[in-house]
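J.: Based on the hints, put chain B in the right spot on chain A.
There are 2 protein chains.
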Amino acid sequence: MEYVFSDRLKALSGTATREILKLTQGGDILSFAGGLPARECLPVGDIEAILQELMQSGGLARVLQYGISEGTAALRAAFGRVFLEDGIEADPDETVIVSGGQQGLELCCKAFVNRGDAVLVEDPTYLAFLQIVKSYEGRPVGVRSTDEGLDLNDLEEKMKTLSPKLLYVVPTFSNPTGKTYTAKNRRALLALAERYGVMIVEDDPYAKLRFSGQPVPPIKSLDKTGRVIYIQSLSKVFSPGLRVAAVAAAKPVAQKLVVGKQNTDLHTGALSQYAAQRFLESGKLNQNIAAGIHIYRERKEAMAAALDRYIPAGVCTRTDPEGGLFVWCELDKRIDTDRLFARAVEQRIAFVPGRVFFADGSGGNTLRLNFSNAPPKDIDRGMEILGRLIGQTLANSAKISYNKSE
Amino acid sequence: MEYVFSDRLKALSGTATREILKLTQGGDILSFAGGLPARECLPVGDIEAILQELMQSGGLARVLQYGISEGTAALRAAFGRVFLEDGIEADPDETVIVSGGQQGLELCCKAFVNRGDAVLVEDPTYLAFLQIVKSYEGRPVGVRSTDEGLDLNDLEEKMKTLSPKLLYVVPTFSNPTGKTYTAKNRRALLALAERYGVMIVEDDPYAKLRFSGQPVPPIKSLDKTGRVIYIQSLSKVFSPGLRVAAVAAAKPVAQKLVVGKQNTDLHTGALSQYAAQRFLESGKLNQNIAAGIHIYRERKEAMAAALDRYIPAGVCTRTDPEGGLFVWCELDKRIDTDRLFARAVEQRIAFVPGRVFFADGSGGNTLRLNFSNAPPKDIDRGMEILGRLIGQTLANSAKISYNKSE
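Protein chains in written order, with my numbering: chain A, 22 to 427; chain B, 22 to 427.
Since the hints were derived computationally from the structure, they do not count as laboratory data.
A hint or two may mislead.
Any copy will do: because identical chains look the same in the list, a pair fits if it lies in one copy or spans two.
Unchecked claim - Result set (DSSO-like, lysine-lysine): computed pairs, CA atoms no more than 27 angstroms apart in a straight line:
id: 1; residue 1: LYS31; residue 2: LYS305
id: 2; residue 1: LYS354; residue 2: LYS398
id: 3; residue 1: LYS205; residue 2: LYS354
id: 4; residue 1: LYS245; residue 2: LYS31
id: 5; residue 1: LYS272; residue 2: LYS398
id: 6; residue 1: LYS31; residue 2: LYS155
id: 7; residue 1: LYS398; residue 2: LYS181
id: 8; residue 1: LYS305; residue 2: LYS398
Next up, chain A with everything else stripped away, as it sits in the complex (with noise of 0.2 angstroms):
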């Protein structure tokens, strides 16, 4: 029979990423297109004690059972802690677990875009996010970016001109660039956004994976008013599959965002809450981070020092990140990577073709590199393929060039 969707999804189809993720589950594919944290830096012994600890205890039982929508009152003040860390303070009624990152944008999507309504992007962006937006019938915009950050000219053109409700930014080892947003960059384009009357939505699940350089602050510890939603996702630093985050927001958006949480899933799951809790109070995250986070500066240099050596000079433009997963490749302006991501998975690797991360789909000679879950050895195998892919790519662009002109 046919279907009549929801105008919403109607146009909607499965994200990129998921989908190569499950093409890559098969197995015999050198994957470079995820987002997952490196398998080694998984606390698997911590969160192995942790459940031991609560079974011996007697507590299993008592994670069994519904809990409140807004999350556990001491995952929500152990994420406080964290929080303090970076400048953040958020009481824990203005503190909302969420069942990954994901559902804190989605929840901040729902509870603030209407139909029609613009909402600003960094272009390239969290190509989900784009998604995200365009299920609640709300309109990317991207706005430019700078090696500062974002681009101040043209993000105050588009909060005049197009009013938009939000202005989502993943300032911190940028997912797909890797690049992060100066100080300066953060306190001007808070000040827009006070002036304009436009919510920030922060999103952090990078940032505490700092292998050089300095930190920086977060814009929601700049912020006074109330005006920014800060997303910390564990994800990338405890684990992507027990689905905890946590988003801290003025106690008003905070009950706007719990009571969409009640309609979405009722509450985070409490076995995954527990071990959450128990990890942030034991204060291992940043022990276990810096135990491992060597791991991340030597993949990330392997993968730079690979780019540099396989693709042909002057083909490739590339960040070059201080912490996070990503890195980031402009090409030669004759390759569209969606085609060379076809030749490359028939090679057994794969990456993320950069279009997707473009509010208006442009970016056609850009991709997106996770450097974070492959050994050194196996980077520099998928960028020597990769780099005679592209050089392929050119050389027969060349013979067509050279036959178009004859």
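T.: Just chain B, lined up with the frame of chain A:
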């Protein structure tokens, strides 16, 4: 500062049960308000054994990483076998794992409901579904119910005149009434849905909690064309806190729900999925229910007897469910259960006043009582207090009438 929330959430406040659940977490209140399964029936030992085996076999790391949005293949297959026991055939690609039945409902509305669309529900129905429909700016419309199920004349009339997108039903041990639709009524409403092109959402979290009478086939088992979306939650028979349920739907619908879920929370918690999978595979679901169902029977009988004993004769019409969690009371028209609730909470007992379950906010003389989560002696004590409060309310109302007639 003033926040400008989206239209969809502007009018929506927290659901009554959620707020009450928070209230009753204080501890000194005797609550008949929630929908919690009996603590004694949660398979704590089985879940412990599953977690132990997972850790001992070194499998924990695997469930800490990201998974696919539709849920693990193993859990979908395990649900498929559970469905088959009730005559429902659903392949793994017609099955979507969701973070509790609530998320299944939310995804159905996300996939089908446009602003202004009519959505038919039984009057009264599960209150959170009314909230979900409103959060998608749909318009819930109540259909009258009879002892057999839905009033088919009223249903047809509303299908004909309102072109609803969905019909939502909890046909077995309904929330809030505890009533069960007859097989004949199910066939008839499916035929009407076929005739008028309406999708049916069948929410079936309670059917396995049958303590007397004979099972009635799920509507989904009668569906030959893919018109029914069937939601089977494990919250009442395994663990509410772990947030696991499955949706069975025709493949194009399942795919759309997966797209919706990608935006919502990427995937259901992997540790919860694993525990559910192993529990279903072990065959202990039915064993566990068979071993514990006498507790539900006992508690329902205690509640029925206490209501008959303590509520003044002729004042209360109540349902007599053969399973599930709830008894529904329709009181004398002079009693407003919102006001009764306020007085009940002063006496440290809680129930859910019935208005919230009606699409049009009627039902001011009705209330829902949960019998599963308190031992018989507490049920007796609670109903004694409730009966006394009802008696006092009627006496006061008589006095007022007497004064008025002076």
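J.: The structure should be examined with respect to each hint, and the outcome stated for every one.
T.: For each hint, the structure was consulted:
| no. | hint | verdict |
| --- | --- | --- |
| 1 | LYS31 / LYS305 | neither (44 angstroms within a copy, 40 angstroms between copies) |
| 2 | LYS354 / LYS398 | neither (29 angstroms within a copy, 77 angstroms between copies) |
| 3 | LYS205 / LYS354 | neither (32 angstroms within a copy, 66 angstroms between copies) |
| 4 | LYS245 / LYS31 | between (40 angstroms within a copy, 24 angstroms between copies) |
| 5 | LYS272 / LYS398 | neither (49 angstroms within a copy, 41 angstroms between copies) |
| 6 | LYS31 / LYS155 | both (10 angstroms within a copy, 20 angstroms between copies) |
| 7 | LYS398 / LYS181 | neither (49 angstroms within a copy, 66 angstroms between copies) |
| 8 | LYS305 / LYS398 | neither (30 angstroms within a copy, 46 angstroms between copies) |
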